[in-house]
Structures are given as structure tokens and as C-alpha cells.
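Participant: My request is simple: use the sequences and hints to build the entire structure.
So the protein lines, in turn, are chains R and P. In this text, residue positions in the first sequence follow the working numbering: the first is 4, and each later residue adds one. In this text, residue positions in the second sequence follow the working numbering: the first is 553, and each later residue adds one.
FYI, nobody ran anything at the bench for these hints, they're computed from the structure. Please read all numbers here as calculations on a predicted model, not as lab measurements. Each residue gets a CB set at the ideal place from its N, CA and C atoms; glycine is no exception. Check before you lean on any hint, since a few could be wrong.
Said to hold, decoys possible - Cβ-Cβ distance ranges computed for the label pairs, FRET-style:
#1 Val212/R <-> Thr605/P: 38 to 44 Å
#2 Asn609/P <-> Gly357/R: 33 to 39 Å
#3 Ala206/R <-> Asn609/P: 37 to 43 Å
#4 Ser572/P <-> Val211/R: 32 to 38 Å
#5 Gly357/R <-> Gln703/P: 39 to 45 Å
#6 Thr1043/P <-> Tyr255/R: 20 to 26 Å
#7 Val597/P <-> Ala209/R: 30 to 36 Å
#8 Thr61/R <-> Thr620/P: 50 to 56 Å
#9 Ile784/P <-> Gly356/R: 55 to 61 Å
#10 Asn744/P <-> Val211/R: 35 to 41 Å
#11 Gly357/R <-> Ser700/P: 43 to 49 Å
As the list claims (entries may be wrong) - Simulated coverage check for chain R against chain P, where a stretch passes if three residues somewhere in it have a Cβ under 8 Å from a Cβ of chain P:
#12 259-267
#13 279-292
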Amino acid sequence: MARSALSQGFESKQKTGAQDFFQSFHIDWPLMTGIIILCVLGLVVLYSASGEDWATMTRQMVWLCIALTVMILTAQIPPHHLEFWAPWVFGIGLMFLVLVLLFGDVGKGAQRWLNFGLFRFQPSEMMKFAVPMMVAWYMATKPLPPSTKRIMVALLIILIPVGLIAKQPDLGTSLLVASAGLFVLLLTGVSWVLIGGFLVTLAAVAPVVWFFYMHDYQRQRVLTFLNPENDPLGSGYHIIQSKIAIGSGGLYGKGWLNGTQSQLDFLPERSTDFIFAVFAEEFGLVGVVGLLAVYLYIIFRGMIIAVQAQSTFGRLLAGSLVLTFMVYIIVNIGMVSGLLPVVGVPLPLVSYGGTSLVTLMIAFGILMSIHTHRKLLTS
Amino acid sequence: MADTQLKLKDHLRESRIFTSRVIVAGVGVAALVLVILMRMIYLQVMSHDHFTTLSQNNRVSIVPVPPTRGLIFDRNGEVLAQNLPSFSLELVPEKIDDVDATIKALGEIISFSDNDVSQFKKARKRSKAYQSLPLRFRLNEEEVARFSIRQHQFSGVEIKARLMREYPHGSLAVHALGYVGRINEAEMKVLNPADYNGTTHVGKTGVERYYEDILHGDVGFRKIESNARGRILRVLEEERPTPGHNIFLNLDINVQRAAEEALQGKRGAVVAIDVKTGGMIALASMPGFDPNPFVNGIDSKSYRQLADSVDRPLFNRAIKGRYPPGSTLKPFVGLAGLEYDEVHGGSEISCIGWYQLKNDEHKYRDWKKTGHGSVTLDDAIVESCDVYFYDLALQLGIDRIYEFNKHFGFGRVTGVDILGETTGLLPSRDWKRRVKREAWYPGETLITGIGQGFNVTSPVQLAVGTSILANYGLHINPKLVYATQESGKGTLEYLPLEVVGTVPIVKKENWDYMMESMKRVVHSHRGTARKIAAGATYTIAGKTGTAQVFGIAQEEEYDQENLEDHLRDHALFIAFAPAEDPQIAVSVIVENGESGGGVAAPIARVVLDAFLLRKNTRG
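Facilitator: What follows is the structure, encoded as C-alpha cells:
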């Protein structure tokens, strides 16, 4: 089979001690390589974006260590355990979301955090993997493709947490959670007719959401996106400045630490959501192509893992997580380059910040677990 | 087993469906990445230049560096206008959150007027937010100290040392020098914004205004890199401003001082011209005013005081004052008589105190009721006989009087290097038809002949006319400035003399005759200005004049005692000296001074002394 020839390539070439070492820790080294490259790249850009601030660098490196540890720990959990616990994880997550709405800490105009005294926790983050786990679990209980009734139930499973997150309000996360859930459905083989119907319904519901469920600041973001020049010093400032940063980078960029837009503070939130603009300004189109190549490498490796997964649950979950990872990238770069509204999605593994890093690493841990716990029939 | 069979079949199918979906998703991913890539090519390759410009504009701003204004010197190298460092309190609006609150808070440390605040607000409207704008000028040391202590409370506010225009002689020669003041909105529209970027002051009147282009210099700039908060990080490029050129005046500050002191307490003007060059040795208009408060905006109360004063100190009488020349016009009319051959030196007429036209009851009176008896032209000049000139005017006719006097610059601007001079009025038949829509009457010719009637001249015109006469018809435009000097270089660049032309001379003897008669006005025992001859070490040629302000009726007497001050006659005197080799021509007007010989002439003598008896420092 063609697909196995491609995928076997990664494993059959090296049967070394190192690979055995990784295998024994349930680490998928091709994926690991991509992740490490990206993290190093992220630190390099962050050094520039933070204004060569070693305090920021240290914090980010500590987070990286924590996140990588969490990833490796997650990879140790066999997929069937994940499947078993999926409803529980989802249930607990849902409960946290309700608690956030009732008792959560407010920050930046939204109620997103649960304060446990020692640390603060953002339950919406855990839904990024809890929702696809739950949908995949539900779908795996019956043969596929699912019946219309089961699709409706699955949609409900997705919609409840997404609604709760949107209510906080956190547009970026709810978007990511929703796509994670919907990707599972897409992969189960829901007929294209149904998907088309869903999209039409979405288009019809959008105006209703606009007028009745969106906060002013969210509407403002959309309006600003449509014409940022309308408010160049206010809400349009972010996009205008980030487009200037990217555009002035040109083919080869202004060089590391030499981006005037970022170094002279014209670019807002340049360590977090807008870090891509810093990268594009300093490394140019050549750098951007390189970065996209690394991302594509990770995505396609993830897809191979999904295709090679042995259980329905594993397949669906792995596929969904990989595609959600892609949504991260597209939405972030899209918003920074002025193609999409500013919704507050970080550039995965590059943006400064621990929370999203840990969530992403858990997802990669799950992917590794699915891949490394296979019972190899061929050997 | 059927169950297992079914499940196994499903598993394969599921796997197939899943794989096909993943392939679709992979194609989707590829498509989206392609979109992103195209966007990047659009931004980074196709629009690269556009965004590079925007990025440059973000960080690089060009800050103008205003040039230093040129200095003004008198003919002996004495400084008349200079630039002194002065501390000013300046605000950068961009760096201040609440400008109004800051101004209010500053008011508790440093006093400034409402005028200062409104000037600041006006300036703010027309400048960029990052520009530093002055709120108050000329802080004294105590104020500087008081602010410095509290500087940390006022971000965006600082004390800057600027060069400020200063006129060391105060009100002396103010009407010649003029002054600079803050640029107002009307000037802003006219001035080239590229040249005046960063300049706060501009010449408002006098030489300061006329030679603005020379004095101002060229603006320099500093290309600075600043961050998003406007903090200047470094200077990328700098072009130093070119300072304005210095200018040198013909004006002799000592002669000017003598003229102003002589005019002290009076309303009037003195203009003294270097006969050989047209250089203005003195240009006085009294009363004057101190220009220094005007530099940074005089407070409205003081300004009103000046503007509303009945003595009109802001009015430049020397170039704008309109006075009937009176008898000072007689030498010109007399010379016309000689040149047109209507009279000659020996022609006599009999003056009985009045003159009458045929078929006209109206008596044209002489100032001397009893008459001068038998008078020649020489007598008529020396004693200022009106009847002689009534008769001569009638013989010449208005057209020839007009034609001849035109050569002496009457009735038009003199071309002096101060803006706003009056043209005066040299009446003609054509003028009357055009303006008054009336025919010319013979009686009007008579009074034109003695410098009354429609005749209007300014002091500077009279001085120019006198100078032309003294110079045998050579007409050079009067100028205050004779040279400019590039700052930092020693060499002077002389301005060319503006020679207008020469009066066509019929007989040189006629001119000699007239100049001799004028000399006898001063130096003969019957001369109307004989008083000023006393003690003179050089010869003076002159002519007195009194100009009627108040028209008296036919049979009325001019009652000196009961006339209100402002209705009294103006006193005039024109002169040149030395009579044999004229160096300087002077005109003096004292408003309501009544006596040309008694009031105006002595002032001329003081001016002539100051110039001719000075220790000569410039050739």
C-alpha cells in the first residue's frame, strides 16, 4: 500500500538504540524533532520580540520544560485509558466551565480563570482536547458513519462547552474548541450533503449571533477587521502595524533583532498573539516559508499518525487534534496578516505564554501515545 | 461470529472512509497554507515598498532646526538688532496627557498671561504634536530655578534656551528697523512652510520685514529615530541650518539719536538722505515705541495704549505721513519757472500782500499781510513770498508744474526699503478729472504753486526731492540698507544703487541760482531760516514751509492763540548741506509746529551737525 510505504519510511530506516530509547518512553521522534525545532525557533523570535529580556526568556523556558514533561507524561497513557476516561475528563471540564461563569476571575474584560489559590487555571483550555476526546469516544461506540441522530447528539456535546466559552467571552478558544469537535465529525465520514447543510445553517445563524450574542468588543473587532484604517489609532492600530511589520520585512527580512516595528514598540502584543509579525519582519518571506514548512511537517506527521492509528477513537482523536493545530496556525497568521479578524489565537509553540503551550503539548502527547502504543502486526 | 464478521467489515470501511477524509483534509490544509503564502507574497514582495515607507514614517521623523536670524548694523557697525539667548518654557503636546491641566499646574509656579496661553493654543493648532511649543519667553533666573526643582512633575515640559531678537537701542530708530514678532495665522498662510518650519518669529515692519528673506536664513533639519512613545533614540542625519545674512544700514545711529532727541515731545518726522548714494542716514518718526515687548507678543493693555494714543506712536510718519508740502515746494516750482523760461533771475513782480485772478473777486493772500514789495525769484525764495509764486504758477500752468515736479519723485512711492509708504499726491488736470470728476480751475493752480491745495507729500518724498535738487537732477532711490554679509564671513556684499534717472537740465545756471537762493534762506539776514545759521561751520541750503491743516475762510484771520493744538499749521523744513558740495539732504516735519523756520529748521540743523561734524568712521 502506498500510504504505508510513506509512513513506514520513518520507522523502517532506523532500528537504532536511540529509537528504542524513544520508543520505550513512548516518544515519536519525527514529531518530537518538529516540535523541538519549532520551540527553538520560538525562543529565538521571543528573544527579539521581548526586547532581549532574559526574564521573559527564562519564564518561557520554564514553561517549555513543564509543557514537554506534561507531553511525555501524557504519551505514557495508553490510548484505551484515554478512551475510558474521555467522558470523565469532558464532564469535569464542563463542570469547571460552569464554575468559571459563577466564580471565575475577570481579566481583560473576560471571565476565563479559576483561582485555586496556588495557581490559576483556564478550563476552556482543557476543552481543546476534552471535547474531541468526548466526541471521538461517543462516535467510537457505534459503527461509522454515524446516523443523523448520533450526529445531533455529537453537535450538542460540542455546542454546550463552546457556548459556555463564548459566553466568558473568549472567541478564539471557542472557535478552536468547536473546530476540534467538528473535525471529529468530519473524519467519521459524515456525508458531504450534511456538511453542506450545516454550513448553510451557519451562514443563516451568523446574523442572529451578531445581533444578539456578540459582545460590543467582539463586534468592534469584526468591524475593525473589515476596515482597520477607519480607526488607525484605536482598534485598527494592531492590524495596521502588524501589516507594516510583515510587509516591510520583504524577501529576506530586516535581520534578527533589527525589526524596527517590533524593536521600537510600534507593534503591540508582539511577544504573544502578534509574534508572527516580528518573525516576518526580521526573517522575511524566506523565513516565513521555512516556518510554514516546519508546521506542515508536523501536520503531515500527525496525519500519518492518525491514519496508522489502530482504534476508531485513536484515529478520530489524532486526526482532530492535528487539524485543530492547523486551525491555530491559519487563524493566527490570517489575523496577523489582516486576512481574518483579531480573535486572540496564539501562534502555536512560538507565542509567549504557558497555558496554550501546555495544552498543545498534551495534544502532542496524546498523538504520541496513540502512535507508540500500537501493537505492531508486521514485526 | 456474524457479529464479529460485521464489525471487522465495518472496521475496514471506517478505515477507508477515514483515510479518504484525511486526504481531503490534507488537500484543505495545503490550500489554506497556499492562501497564507500568497498573502505573504502580496505583503512582503508586491507591497514591500509601500510598507517600507510606512515603517520608515513610523520611526523616522524630521525635526526642523530653525536658522539664526541675521544681525542688523548701522553704518558704523553698531549693532541695532541682535539675538540673545533667552529661556523659554516649552511644551511638547504629544508627551502630555492633559495639556490644559498641565498649563494650569504650571501657572502656580510661573506666571504667564492669558495672551501667552492663547498664543500657545494657536501655535498648537498649526503644528505637529511632537513639536516643542513655547508657552512663555524670557524667563528670569528665579523662574528657571523654580521650575527646575519641580521639573519631574511635568513630563513633556522643559526649559529651552532659544535665541531671542533684541533691540539694544530700544525705541531708537524703531520705525526704520521695525521688529519681529511671533508668526500669526495670516502670515502662516503666506510664508513657505518648508522655509519656516520651526521658525517662530518673522519680521513684521521696517527693515526686519522688508529684508525678511535675507535675514531669515535657511532651515536645517534633523532626521531622528523615535520609538512608538515618541522618545528620540538617535539622530540619523543632520543638516545644519544656514544662518540669515547680516545687513548693514546707511543709518547712522548717532544722527538718528540726534533727530529723535530734537523731535522729543513733538509729533513729527525727520528723514536724512546721503545725497551721493541715496542712503538713508536717519529716518525718525516721533513719538516712537519700544519694539522689544512686541517680539513675544505685547500684552493687549499696553498695545491698546499705543494704538489708541492720539499721538499715534505706531504710525510711521516718515514714510506714511501725508502732509501738504507748503512753501518747501517753492524751490521746485521756482526752478520750473527758470527752466521753462517763464522767469529769469532779474524778473521782478510787486507783492502787495495778496493776488487776484482776472474776473475773480477772490483774494489769494500772502502770509505777509503788508506784502513783500518788489521781489525777484531769489527774494521770493529767501522770504517765501506767496504772491510771486501765485503769479509764477499761473504763468507755468498746472500741466507744466505737474510735469516738472514729477521728476523729483513727488506723487509716487520713493522705493524706500520699508513697506507701506504713501504715494503722496502731485495734482494734475488728469488726476482731478479722474478722481474728482471735475475740471481744473485756475485758482487751484495758484495754491498748488505754494504747495497747498491738493498737494500731499511724505517726509521721505520731500527728502528725496531735496536730494535730487542738490544732486543736479540725479535721482537715486533712498535705501536704508547698503550691504549684506554672509554670517561668519567678513566680506560685505553691496547692494546696487537704484538710479532712477536724471532730471533733464535746460540750464545748469538755473539750478545754481535756486541752490544759491536756498542757501540765502539760511545765510542771508532776510532768510526765513536765518536763525539756524548761527554757529554753523558749513553752509546750509534750505527752505521753510508751513502747511495749513485748517482751512480759514476768506476774511478770517489765522488766530494763533485761540486755535486748538491739532488744527495749528504743520512746520516744515527741507535742507541740504554743505551748500557748495551737498552731502546730506534733510526733510523735517513737525505736526502743528506752526513755524518752519522757528521749529522745523533748528531740528534740521541738529541733524546736519550730527552728520557733518561726526567723527567719520565710514568713508
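Participant: All hints, please: hold or fail.
Facilitator: Hint by hint, here is what the structure shows:
Evaluation of the 38 to 44 Å hint for Val212/R and Thr605/P yields a pass: the beta carbon distance comes to about 39 Å. Distance hint check for Asn609/P and Gly357/R: the Cβ-Cβ separation is about 37 Å, which falls inside the suggested range of 33 to 39 Å. Separated by about 40 Å at the C-beta atoms, Ala206/R and Asn609/P satisfy the suggested range of 37 to 43 Å. Here the CB-CB span from Ser572/P to Val211/R is close to 34 Å, well matched to the stated 32 to 38 Å.
The hinted window of 39 to 45 Å between Gly357/R and Gln703/P holds, with their beta carbons roughly 42 Å apart. Judged by the Cβ atoms, the range 20 to 26 Å given for Thr1043/P and Tyr255/R is violated: they are separated by roughly 54 Å. The given range of 30 to 36 Å is respected by Val597/P and Ala209/R, whose C-beta atoms sit roughly 34 Å from each other. In this structure the hint that Thr61/R and Thr620/P lie 50 to 56 Å apart at CB holds, the actual value being about 53 Å.
The hinted range of 55 to 61 Å is not satisfied by Ile784/P and Gly356/R, whose Cβ atoms lie roughly 33 Å apart. Range check, Asn744/P to Val211/R: Cβ separation about 59 Å, and the 35 to 41 Å hint is violated. In this structure the hint that Gly357/R and Ser700/P lie 43 to 49 Å apart at CB holds, the actual value being about 47 Å. Counting residues of the region 259-267 of chain R whose CB lies closer than 8 Å to any CB of chain P gives 3, which reaches the minimum of 3, so the coverage claim holds.
Taking a C-beta to C-beta cut-off of 8 Å, the region 279-292 of chain R contributes 5 residues in contact with chain P, enough for the three needed, and the coverage statement holds.
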